[in-house]
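Colleague: Numbering (numbering that gives the first Met the number 0) for the sequence shown: 0 to 153.
Any given hint could turn out to be false.
As the list claims (entries may be wrong) - Restraint ranges, calculated between C-beta atoms of paired labels, are given here:
1. N107 to I29: 17 to 23 Å
2. S85 to L30: 37 to 43 Å
3. L150 to N107: 28 to 34 Å
4. F86 to V20: 16 to 22 Å
5. C136 to I9: 16 to 22 Å
6. P116 to G28: 27 to 33 Å
7. S56 to V80: 22 to 28 Å
8. V114 to F144: 28 to 34 Å
9. Q57 to G5: 25 to 31 Å
10. V113 to L152: 20 to 26 Å
11. T16 to V110: 19 to 25 Å
12. V80 to Y52: 32 to 38 Å
Unchecked claim - List time: in silico DSS-like cross-link candidates among lysine-lysine, alpha-carbon distance up to 30 Å:
13. K1 to K88
14. K148 to K88
15. K32 to K121
16. K48 to K37
17. K37 to K49
18. K148 to K89
19. K3 to K147
20. K121 to K3
21. K148 to K121
22. K147 to K1
23. K147 to K37
24. K32 to K48
25. K49 to K3
26. K121 to K48
For the record, the hints were derived by calculation from the structure and aren't laboratory data. For every residue, glycine included, the Cβ atom is placed at its ideal position computed from N, Cα and C.
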Amino acid sequence: MKSKSGAIFITGLIAGTLDVVAAITIYAGILNKTTGVKILQSIASGIFKKEAYSGGSQMALYGLLLHYFIAFTFTWFYFTVYPYFSFLKKNTLISGIVYGIFVWIIMNLVVLPVVFPVLPEKHLDFPLFLSMIILICCIGTPIAFLHKKYLSLR
């Protein structure tokens, strides 16, 4: 993990995997609200719209690839902006929490409304906090700690 691009790849792969496994485990396994395939098709629907839900496992694969693309993008962004924000350097855990919240804000208040202009209204409730906790624990915090590890190996 000495090269920056290698560190970004490994970190994005780990964060993306944690996030998708958490989403499928919680929403499909524990809460029994959907299936893993539907979760991945929902991600694919950002590009393929309604066709994603009738595309079977192929659309689930496209959703998984899109999910990893998003995870790699957020990983690359953290690695890129880190040197410019001194508060990120003070405490890795706090940086990860803040970055997870940032990722939630970008995804839920920017990306999703642009991709899906008609979305249900958001409420301060358990599902909202659960989605934020997943991003903090599976995207923000792992990226922050793996970035710290990368910096220690250079």
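Colleague: Is the straight-line distance between the alpha-carbon of K147 and that of K37 30 Å or less?
Modeller: violated (35 Å)
Colleague: Could you tell me whether the CB distance from P116 to G28 stays inside 27 to 33 Å?
Modeller: holds (31 Å)
Colleague: Is the hinted range of 17 to 23 Å satisfied by the C-beta distance from N107 to I29?
Modeller: 21 Å Cβ-Cβ, so the 17 to 23 Å window holds.
Colleague: Range hint 16 to 22 Å: satisfied by the CB atoms of F86 and V20?
Modeller: violated (30 Å)
Colleague: For the pair supplied as a hint, K121 and K3, is the alpha-carbon distance within the 30 Å limit?
Modeller: violated (37 Å)
Colleague: Between V113 and L152, is the Cβ distance one that fits in 20 to 26 Å?
Modeller: violated (37 Å)
Colleague: For K32 and K121, compute the direct alpha-carbon distance and say whether it is at most 30 Å.
Modeller: Holds, because 18 Å separates the two Cα atoms, which is no more than 30 Å.
Colleague: Does the Cβ pair T16, V110 satisfy 19 to 25 Å?
Modeller: holds (20 Å)
Colleague: Could you tell me whether the CB distance from S85 to L30 stays inside 37 to 43 Å?
Modeller: Distance hint for S85, L30 holds at roughly 39 Å.
Colleague: Per the hint of 25 to 31 Å, is the separation of the Cβ atoms of Q57 and G5 within bounds?
Modeller: holds (30 Å)
Colleague: Hinted pair, alpha-carbon criterion (30 Å max): K49, K3. Please report holds or violated.
Modeller: Answer violated: K49 to K3 is near 38 Å, above 30 Å.
Colleague: Using the beta carbons of S56 and V80, state whether their distance is inside 22 to 28 Å or not.
Modeller: violated (36 Å)
The earlier numbered hints that this structure contradicts are 4, 7, 10, 20, 21, 23 and 25.
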